[in-house]
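With the hints as constraints, model all of the structure from the sequences given.
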Amino acid sequence: MGKTRRYRRQYGLVIIALILTLSALSKLEAMSQLRDTLIASYVVPRNLAEYGAKFIVASELAVVIGLGFSFSRRLALIAATILFAIFSAYNIWRITQGIRVPCSCFGALFKLPPAASLVMSLGLLGLASHVAAGLEPVATTRNFWFQKNENT
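In my numbering, the protein residues as written are 1 to 152.
Among the hints, erroneous ones may be present.
Unchecked claim - Pair by pair, the computed Cβ-Cβ distance ranges are:
1) LEU122 to SER70: 24 to 30 Å
2) PHE110 to PHE69: 27 to 33 Å
3) ASN47 to ARG8: 18 to 24 Å
4) TYR51 to ALA133: 30 to 36 Å
5) THR96 to TYR7: 36 to 42 Å
Everything labelled a hint here was simulated from the structure, so no lab data went into it.
No residue lacks a Cβ here, since even glycine has one placed at the ideal position from N, Cα and C.
Here it is as structure tokens:
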């Protein structure tokens, strides 16, 4: 893989990590707003909204932490891709159901209408998929333990 391509993938990782970090920290500051958004959008029952909000924030932070380590990077990118796919599906659902409640994607920092939020989610989904597809395979434990010993 060429240097330029590798650097583009690294920039993609940084962009994904920064956006998810900003998103999670903003949601932490406005957790009640996220909870209310989940209730108003009929995503989760009222009694589970608090847990749903915490799960979203924890998922985003787990992906960010996973992106920081080479051994977990591929799994973290798969998780990021799944998160962005879920966010995209949520925004499509909001558009089709006519739900105008702001998404709370970035807490109180800024509120996006459903169409803008969908465009952002689809762009991040494409970026995460592109970066994940270009990662070089990591040596697995099986390869390590079953390789031929040069000294014998």
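Subject >> Violations among the numbered hints >> reply: 3
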